[in-house]
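A.B. asks: When you get a sec, could you build the whole thing from the sequences and use the hints?
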Amino acid sequence: MSQNQNEPLFDRKPIKRTIKRQSRKFSFIFYQALYGPSVFLRAIYRQIILLAIMFVWGTVIYSYFDHLPILGALLAAVSTVTTLGFYSPNDNNLFTMHWAESVLLIIMIVISVGAVASILQSSVNTIAKGDLAKGQAGKKLINKLRQHVIVLGYTYLGIYVTEKLDDIGLDYVVVTKNPTKYEELLKKRAFAVLESETQPMEALTNAGIEHASIVVVAHEKDTDNMLAILSSRKMRPDIRIISVVQSPSLIETAKNAGADMVIPSTVTVGHLLALSAVTKNLVGIVFSERMGAKEIAEFTVNKSSKLIGKGLQEIAQYATIIGLLQKGKPVKNLFDPTLTIQEKDTLLVLGDTACLVTIGEEAKAL
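Numbering-wise (the working numbering), the sequence shown opens with residue 1 and increments by one.
None of these hints come from the bench; they were simulated from the model.
Treat the hints with care, as some may be off.
Said to hold, decoys possible - With a straight-line cut-off of 27 angstroms between C-alpha atoms, the simulated DSSO-like cross-links for lysine-lysine are:
#1 K332 with K294
#2 K234 with K144
#3 K139 with K234
#4 K303 with K234
#5 K234 with K294
#6 K177 with K188
#7 K234 with K177
#8 K329 with K344
#9 K181 with K221
#10 K306 with K344
#11 K332 with K310
#12 K332 with K303
#13 K144 with K188
Claimed, not checked - Quick list of the computed label-pair ranges, beta carbon to beta carbon:
#14 A100 with I48: 22 to 32 angstroms
#15 D166 with V110: 44 to 54 angstroms
#16 Q342 with G284: 42 to 52 angstroms
#17 S102 with V56: 10 to 20 angstroms
#18 R46 with S102: 19 to 29 angstroms
#19 E202 with N256: 17 to 27 angstroms
#20 V283 with Y45: 53 to 63 angstroms
#21 Q199 with Y45: 33 to 43 angstroms
#22 I107 with Q199: 35 to 45 angstroms
#23 I70 with T205: 43 to 53 angstroms
#24 T205 with T180: 18 to 28 angstroms
#25 V60 with I159: 51 to 61 angstroms
#26 E314 with I168: 46 to 56 angstroms
None of the values given here were measured: they were computed from a predicted structure.
Cβ atoms here follow ideal geometry from the backbone N, Cα and C, with glycine treated the same way.
C.D. replies: In structure tokens form, the structure reads like this:
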């Protein structure tokens, strides 16, 4: 017997993704604090430049008309713009002030007041939302991701995908065209990219497709899904692409565009609804290109069931047993030849509709 046969199959400890995600939260806060001031300056730098121009404007006015020295004229201009009132032009005699000086000062005051009001508005918006700083922090951290999942489209399917990825502990980046949903994602400190209507490749680049492992396409429109598939395949010929299509007629088209797996959403929902009318024990459905559509059903073995005392091998003639609960606990070794079905056991079975109905009748679960 070789040494590999003696070694346990699963001897590696599970990855502590919770610690990784917790450290990422601190990194997110750190980068947000780091980029916060620069984002704030970007929001108001035009207004600041305009105010600086007004200071120079006022300095020239007071230097020329009131014959003040340069430093004194600058102080007078700052005093006028900020309404501190340190200096009054023409000795506070507005009636004898030169008309040109009056016009130039009016222009300076109006522009300065508008710039200050704009600075205040931008400051309030930036502080209240904080989305710009979060967006910059997100971009920095996305560049550090490796083997992550890109979810294109934050629809109900996209939301479901992200929730499951959170449960699994995989990193992901959401690409959405909806600005409102983009802001919601930023508030949750999720990695998000806002996609413009005509720039899917730019969005994929920002989402880190170069280092991603999987692309999940879940837009509401099939045209957007096709464009996303083509763009993803062009940028990364080796990446795995899973796509949803609304119309079953586009399954082959999506595959030809480059999708590795295509799931028709309408067929999935219709399949579940139709089978739910046949059996109340349906809990899921599996789509496979090789196996076709298979259903998953859950049955409880009643006292009068013919399955009591039977081995799993006998039931396996009808369908695949993928789970068994005995006394409320899952049985790990389903391949144990001595394992038999007992009353009140719960079976989780994978198979087609006819086989599941047969097993349900035998279990007296219908």
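A.B. asks: So, for every hint listed, does it hold in this structure?
C.D. replies: Structure-based check of each hint:
1. K332 with K294: holds, 23 angstroms
2. K234 with K144: Roughly 23 angstroms separates the two Cα atoms, so the pair holds.
3. K139 with K234: Measuring from Cα to Cα gives roughly 23 angstroms; hence the hint holds.
4. K303 with K234: Roughly 59 angstroms between the alpha carbons, so the hint for K303 and K234 is violated.
5. K234 with K294: The given pair, whose Cα atoms are some 33 angstroms apart, is violated under the 27 angstroms limit.
6. K177 with K188: holds, 17 angstroms
7. K234 with K177: holds, 21 angstroms
8. K329 with K344: Distance ~12 angstroms between K329 and K344 Cα, so the pair holds.
9. K181 with K221: At roughly 17 angstroms apart (the allowed maximum being 27 angstroms), K221 and K181 satisfy the hint.
10. K306 with K344: holds, 13 angstroms
11. K332 with K310: holds, 18 angstroms
12. K332 with K303: The given pair, whose Cα atoms are some 24 angstroms apart, holds under the 27 angstroms limit.
13. K144 with K188: With a Cα-Cα distance of about 19 angstroms, the restraint between K144 and K188 holds, given a limit of 27 angstroms.
14. A100 with I48: 22 to 32 angstroms: holds, 27 angstroms
15. D166 with V110: 44 to 54 angstroms: holds, 53 angstroms
16. Q342 with G284: 42 to 52 angstroms: Violated - the Cβ-Cβ distance for Q342 and G284, about 24 angstroms, lies outside 42 to 52 angstroms.
17. S102 with V56: 10 to 20 angstroms: holds, 19 angstroms
18. R46 with S102: 19 to 29 angstroms: holds, 27 angstroms
19. E202 with N256: 17 to 27 angstroms: holds, 25 angstroms
20. V283 with Y45: 53 to 63 angstroms: holds, 57 angstroms
21. Q199 with Y45: 33 to 43 angstroms: violated, 25 angstroms
22. I107 with Q199: 35 to 45 angstroms: holds, 41 angstroms
23. I70 with T205: 43 to 53 angstroms: holds, 50 angstroms
24. T205 with T180: 18 to 28 angstroms: holds, 23 angstroms
25. V60 with I159: 51 to 61 angstroms: With Cβ atoms ~59 angstroms apart, the hint holds.
26. E314 with I168: 46 to 56 angstroms: Taking Cβ atoms as reference, E314 and I168 lie about 35 angstroms apart, which means the hint is violated.
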